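Colleague: The residues making up each chain are set out below.
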Amino acid sequence: MLMQALAVGLACVLVKFGAWWGAMGWDRPMIASTITGILLGKPVEGITVGAALELVYMGTQSMGGVIPQDYGLGGIFGCAFAILVSAKPSVAVALSIPFSMLGTLIYDLFKFWATSLVIRFQTHLENHQIKAFKRLWNIQAFVYLLMWFLLGFVSILAGTSAIKALVNMIPTVIMNSLTVAAGMLPALGMALLMISLWSKKLAPYFFIGFGLVAFFKGTLIEVAFLGAAVAFLAVIGQIGKHTNGNNAQPKTAEGAEESEEEDFYND
Amino acid sequence: MTETTNTANVPTFLPDQKSEKHFYNSLFWRSQWLMFCTSYTKQQAVTFSWVMMPYLEKIYGKDTDEFYAAMLRHQDFFNTNVAVAPFVFGVVTSMEKENKENGVEAKSINALKSSLMGPLAGIGDSLLANGVRLIATGIAIGFFQQGSWLGPILFMLLLNVPNWGIKWFSGKYGYKLGNTFITDAMKSGTLNLITKAASIVGLMMVGAMSAQYVTFKTVLKIKSASQVVDIQKIFDMILPGLLPLLLVLGCFFYLRKKNKPVRVLLAVVVLAFVLTLIGVTGAAK
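Same order as they appear, the protein sequences are chains X and W. Here the first sequence stands for residues 1 to 267, numbered as in this note's numbering. Here the second sequence stands for residues 1001 to 1285, numbered as in this note's numbering.
Derived by calculation from the structure, the hints in this document are not laboratory data. Predicted model, so just to flag it, every value in this text is computed and none were measured. For glycine and all other residues, C-beta sits at the position ideal for the given N, C-alpha and C. Among these hints, one or two may not hold up.
Pairs of lysine to aspartate or glutamate, DMTMM-like flavour, derived with a Cα cap of 20 Å [claimed, not checked]:
1) Lys134/X - Asp1063/W
2) Lys1172/W - Asp1236/W
3) Lys131/X - Asp1230/W
4) Lys217/X - Asp1236/W
5) Lys1042/W - Asp108/X
6) Lys1217/W - Asp1230/W
7) Lys1042/W - Glu126/X
8) Lys134/X - Glu1098/W
9) Lys131/X - Asp1236/W
10) Lys1107/W - Glu126/X
11) Lys1021/W - Glu1057/W
12) Lys134/X - Glu1066/W
13) Lys1018/W - Asp1063/W
14) Lys1258/W - Asp1230/W
15) Lys131/X - Glu1057/W
16) Lys1021/W - Glu1105/W
17) Lys1176/W - Asp1016/W
18) Lys131/X - Asp1063/W
Using C-beta positions, here's what the derived DEER-type ranges look like [claimed, not checked]:
19) Lys1176/W - Gly237/X: 44 to 54 Å
20) Lys1176/W - Leu157/X: 44 to 54 Å
21) Gly41/X - Leu1246/W: 26 to 36 Å
22) Asn1259/W - Lys217/X: 16 to 26 Å
23) Thr104/X - Ile1153/W: 26 to 36 Å
24) Lys134/X - Val1161/W: 43 to 53 Å
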């Protein structure tokens, strides 16, 4: 179990690094699960379970550093338990949820520490100590990654046998319920995505997308293709026009932006 | 590499094309670290100054008072989308250079930063987090389900080619154009149009994925004397995908009223358990 714990610890480091460095999206559950699968020596399982995990966490995304649920850790631990205790994907999804919540808690603690460092960074600059400034920056980046390594390492080392026992105890009716829940949970992901996209004026596009798949059995690639064309049609008339047509009285650019933004979220 | 002298009349920052190219490359790589050391009070401020460090050293000279003044100036609150952040770095670097050579008011540099980060975060998030990510996910997830390597490869390419492309060019044009471009784009409404187009594609993808991936079926069959009525077949005759659609819309309208995703998560799980225990839903396909 030591090697597996090291592998999952390393997966945590890679996922958290690729999430922040360049915002490469390594914390998307699909990728986090793939990375974990590769490190545990079962890449194909990692990829397959990744799809199930992504569907649950699809709507959760980091906006301005705020993560409602740590979907990256959800992806790692979901995959790890699917491989290490051979849990079914629907069970792996359920097991990943507590870790996705633990992740936000741990990150909050780190962020408090980082916040306390802000003053020290400033003091170093006031004292004209650029070397100390650089050193402190390196330390906080290192601590950040080390923290995630320890979380992955300790959880797998200490928790796997308990989780294995738990999974073996689950009766059939609970297993069926978990399968049903795993099918329903993507609805939450979709709803969360709609929060940032929805407005009364744009609502029909959601139903067009739904219908293309539900009625006409379109694939997602086909919908993306049509979506791009439809989006272009919808904005083509407005390209090059000054501000938006419905703002009769002249406003400053910021004002127009703000009011547009507001009815975007309100209606 | 020319070192900065104390006299201000020789332009020492990016004197030729080669060093300019070097600067764009350097900015591209350094700005990748922006998210590290995010704090509650100032978000990305510390790392903003960390990214600017070598450029400020070149402009003002190593260990000079002016250098430290500039570093302290950049300790102010900063928060924007990582992909479009190089634009701000580019604009700020060109203004710092201007400040050294001709003396612009240092305050205006900070004012510009705060005016740029909001709209840029909005456009970066809507374009990449909602638009590009949803398209990439929609295209790749089918391959993931089959356990194909095409899944992760396609997802990384579809997400990061636009992401890194925007990063490289936004740094370059930020430095070249200074602050004129973004103000023009805001005035002409281009930013709103991009946001709108991204939202349209995003919503269509969300609708499509709701139909594709939300599974919510009843296994309930009502037995009367002569025949067995399959309730799911009736739902399918009314509208294919009716139950998933209602479930998604239900979650959405609740979330829009009260933004408590964890509560919805628990409610959905509880609902799944209750419905399965009373035999309305089940694992049967």
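Colleague: Does the alpha-carbon distance linking lysine 1018/W and aspartate 1063/W stay inside the 20 Å limit?
Modeller: The given pair, whose Cα atoms are some 25 Å apart, is violated under the 20 Å limit.
Colleague: Does the structure keep lysine 134/X and glutamate 1066/W at a Cα separation of 20 Å or less?
Modeller: 18 Å, holds
Colleague: Quick one, are lysine 134/X and glutamate 1098/W close enough, alpha carbons at most 20 Å?
Modeller: 26 Å, violated
Colleague: Take a quick look at whether lysine 1217/W and aspartate 1230/W sit within 20 Å of each other, Cα to Cα.
Modeller: 11 Å, holds
Colleague: Could you tell me whether the CB distance from glycine 41/X to leucine 1246/W stays inside 26 to 36 Å?
Modeller: 42 Å, violated
Colleague: 44 to 54 Å was suggested as the range; check whether the CB atoms of lysine 1176/W and glycine 237/X agree with it.
Modeller: 31 Å, violated
Colleague: Take a quick look at whether lysine 1042/W and aspartate 108/X sit within 20 Å of each other, Cα to Cα.
Modeller: 15 Å, holds
Colleague: May I ask you to test the hint 43 to 53 Å on the CB atoms belonging to lysine 134/X and valine 1161/W?
Modeller: 32 Å, violated
Colleague: Does aspartate 1236/W sit within 20 Å of lysine 131/X, going by the straight-line distance between their CA atoms?
Modeller: This hinted pair is violated, its Cα atoms lying about 68 Å apart.
Colleague: Is the straight-line distance between the alpha-carbon of lysine 1258/W and that of aspartate 1230/W 20 Å or less?
Modeller: 36 Å, violated
Colleague: Regarding the pair lysine 1172/W and aspartate 1236/W, is the alpha-carbon distance no greater than 20 Å?
Modeller: Outside the cut-off at roughly 54 Å; violated.
Colleague: Please test the hint of 44 to 54 Å on the beta carbon pair from lysine 1176/W and leucine 157/X.
Modeller: 53 Å, holds
Of the numbered hints stated above, those contradicted by the structure are hints 2, 3, 8, 9, 13, 14, 16, 19, 21, 22, 24, listed in ascending order.
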